[in-house]
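Take these sequences, add in the hints, and give me the full structure.
First to last, the sequence lines map onto chains A and B.
Take the first sequence: its letters are residues 6 to 313, numbered as in this note's numbering.
Take the second sequence: its letters are residues 804 to 1137, numbered as in this note's numbering.
Rather than coming from a laboratory, the hints here were simulated on the basis of the structure.
Hints should not be assumed to be uniformly reliable.
Derived SDA-like pairs (lysine to any residue); straight-line CA-CA distance at most 20 angstroms [stated by the list, open to error]:
id, chain 1, residue 1, chain 2, residue 2
1, B, Lys964, A, Gln75
2, A, Lys257, B, Leu1089
3, B, Lys964, A, Ser273
4, B, Lys1033, B, Thr1023
5, B, Lys964, A, Thr276
6, B, Lys964, A, Ile274
7, B, Lys964, A, Pro272
8, A, Lys257, B, Pro836
9, B, Lys964, A, Ala271
10, B, Lys964, A, Ile282
11, A, Lys257, A, Gln75
12, B, Lys964, A, Pro85
13, B, Lys859, B, Pro836
14, B, Lys964, A, Pro278
15, B, Lys1033, B, Arg1043
16, B, Lys964, A, Lys257
Pulled from the structure, derived: some chain B residues nowhere near chain A, Cβ distances all over 12 angstroms [as the list claims (entries may be wrong)]:
id, residue
17, Leu810
18, Ala823
19, Cys854
20, Asp855
21, Gly862
22, Pro868
23, Val876
24, Leu920
25, Leu955
26, Leu959
27, Glu963
28, Arg1012
29, Phe1053
30, Ile1074
31, Leu1118
32, Asp1122
Bear in mind that the values here come from a model prediction, so they are computed numbers and not experimental data.
Cβ atoms here follow ideal geometry from the backbone N, Cα and C, with glycine treated the same way.
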Amino acid sequence: MTLGTWLALLVALVLAAEAVRALRHRGLRSERWRRFFRHRTTSWGLGILTFLVLVALAAPLIAPFDPSRQLDILNLTNRPPSWTFLLGTDLLSRDVWSRVVYGARVSLGIGALGALMAVSLGTLVGAVAGYYQRWIDTVLMRGVDVGLALPRIFVLLMAVALWDGLPFPALVITIGLTSWFGTSRLVRAEVLSLRQRDFVAAARALGADNGRVIFRHVLPNAAAPIIVSAALGVGNVLLLEASLSFLGIGIKPPGASWGNMIADGAPSIYTAPWSTIFPGLAISLVVMSLNAVADGVRDALDPREDAA
Amino acid sequence: MTGAAWLLRRLVASVAIIFAVVTFVFILIHLAPGKPCGQVGGGEYVDRAACDQLVKQFGLDKSIPEQYWRYLVALAHGNLGYSFSLHRPVQDAIADTIPFTLQLAGAALLLDFVLGLGLGIYQAVRVNRLPDIVIGNVTLFIYSLPTFWLALLLLLIFGEKLRWFPVGGPNDLVLCPVVDSLYCVADRLWHLVLPAATLGLVGAAGTARFQRAAMLEVATQDFVRTARAKGLPERRVVLRHELRNALLSFITRFGLAFPFLLTGAVLIETIYAWPGMGRLAFDAILSRDYPLVTATALIASVVVVAGNLLADILLGVADPRLRVRADTDLVLTA
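Laid out in structure tokens, this is it:
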């Protein structure tokens, strides 16, 4: 670690803390934002997420080494954490800290993209099924039943293992395509009750077409469950990618993802636990932060508390 | 609609779902590039003639619709096929592994529910006080751990450093190759601790969070206020009024526990060298063992669908209100 990397790390830390503080300060003015920040864990979660996103974006500044470079296969394998190698080195003499930093790009990227795709698809299907009802609803929801009946790790294992060496975009799409079923059920239930409400009838009486009613009137009112399932979705997709990479069929080496780092470290866990522990800790931190933020969003957008 | 008609409809729907899953899996694996033969025994270095003979023997040279039809006919006769990679009937391979997965899942589920419900109820009673906040933060953290990483950590700490528990396998190979004595049953349980704790702890953290929220949700309702207003002791309000109603939503969670356990089984069994169905499924996929892959997917979907159905039936039995509300096909009508 050089002075520059420490400095970059410090800047990221301060920026994240300041961002959360500014948001909290601004939030004091609105009831919803106050509810969002009611639990201290939400602020922490938001701070950790901001920090890790900054780290991922500024990876070249914060990582002292090339994440895939084997520094010295003879003398530097499985070195414990030190000031030079902040989190130690792995079996192939790569710097664990640099790999965790660059792995953030892959893991957070897959999480965000996969969840974005899953939530969009789930929202669309749920809205169409709930709004149009009749046979469209029946067909879509029976499809969802089938999708939920097989644990998605089976489908993903088959897709990823059988089509050997699936490229990154295909991996994201496959994960997205298998992760939207739960969201679509939630959104459908919400839309079913919303479409009975007077404001929907009013919008239709004013001549709004179906697309407008769905996107401008119904879905904005179903925002709470959609946002919550998006936040949880990022964590789920990240865990899924990690599981696949851990089983050796996700992100291909030498590229670093937190999942394949754990897989790489696992064989030497008794002698060099740091190369397994730290990427796992990173995953846990992100998923925990997302869960905390989802709790906050749930509190903030709870309609029952709006009335109170 | 009567309860019996509802049950019949749900059963038919369940069979249809499982049939769709099997069809989907069948199509997916047959669409995948590569033949099972090329993978067995070292990729490209396979005798072409031997490979062709095997392909012919298992009927893989037929068209996909024809293979599908033959598979369905065999399935209707209760025949799951012959495993390419294990060289034995799929039924036997699955029958050998199911007990291990049941033991693992059963122990994990027990820990999940007992610990999770206990913590969730305790938190709800002490809501927003120190114990609730501490337990809340701990469960939030554990709930967020990747199960396979927790498995490795537990192995490192309790298996390698402290040496309290064995580091893998279902039993002691020297003293208990087969479980035939009381000592060997204890040995099995001892081997079961770490894998079951891994799955059970993560599950319990989720259950505790769920149960706490369900209890607090019920606590805002009028009948709880009435119970308190008429002077019932707090204990009775919590246990008889809040808990009983909060358990209704817990039943739904029970139905959703099965996909979690099956997913966990694939990873946990791989790490702990536990010879269960999850590991069998994973190995089958890697070796392109078509009949074995389809069969494990079939069983997984049966478990999930049966879990949902069981939860719905229990819900209908436990909550008479659901029998009159007939707005969805998920509820019983008396």
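Hints, one by one, checked against the model:
no., hint, in the structure
1, B:Lys964 x A:Gln75, "violated (29 angstroms)"
2, A:Lys257 x B:Leu1089, "holds (16 angstroms)"
3, B:Lys964 x A:Ser273, "holds (14 angstroms)"
4, B:Lys1033 x B:Thr1023, "holds (16 angstroms)"
5, B:Lys964 x A:Thr276, "holds (11 angstroms)"
6, B:Lys964 x A:Ile274, "holds (11 angstroms)"
7, B:Lys964 x A:Pro272, "holds (16 angstroms)"
8, A:Lys257 x B:Pro836, "holds (19 angstroms)"
9, B:Lys964 x A:Ala271, "holds (15 angstroms)"
10, B:Lys964 x A:Ile282, "holds (15 angstroms)"
11, A:Lys257 x A:Gln75, "holds (16 angstroms)"
12, B:Lys964 x A:Pro85, "holds (17 angstroms)"
13, B:Lys859 x B:Pro836, "holds (18 angstroms)"
14, B:Lys964 x A:Pro278, "holds (11 angstroms)"
15, B:Lys1033 x B:Arg1043, "holds (14 angstroms)"
16, B:Lys964 x A:Lys257, "violated (31 angstroms)"
17, Leu810, "holds (17 angstroms)"
18, Ala823, "violated (4 angstroms)"
19, Cys854, "holds (18 angstroms)"
20, Asp855, "holds (21 angstroms)"
21, Gly862, "holds (19 angstroms)"
22, Pro868, "holds (20 angstroms)"
23, Val876, "holds (22 angstroms)"
24, Leu920, "holds (20 angstroms)"
25, Leu955, "violated (6 angstroms)"
26, Leu959, "violated (6 angstroms)"
27, Glu963, "violated (5 angstroms)"
28, Arg1012, "violated (9 angstroms)"
29, Phe1053, "holds (18 angstroms)"
30, Ile1074, "violated (8 angstroms)"
31, Leu1118, "holds (16 angstroms)"
32, Asp1122, "holds (18 angstroms)"
Hint check: violations occur at hints 1, 16, 18, 25, 26, 27, 28, 30; the rest are consistent with the structure.
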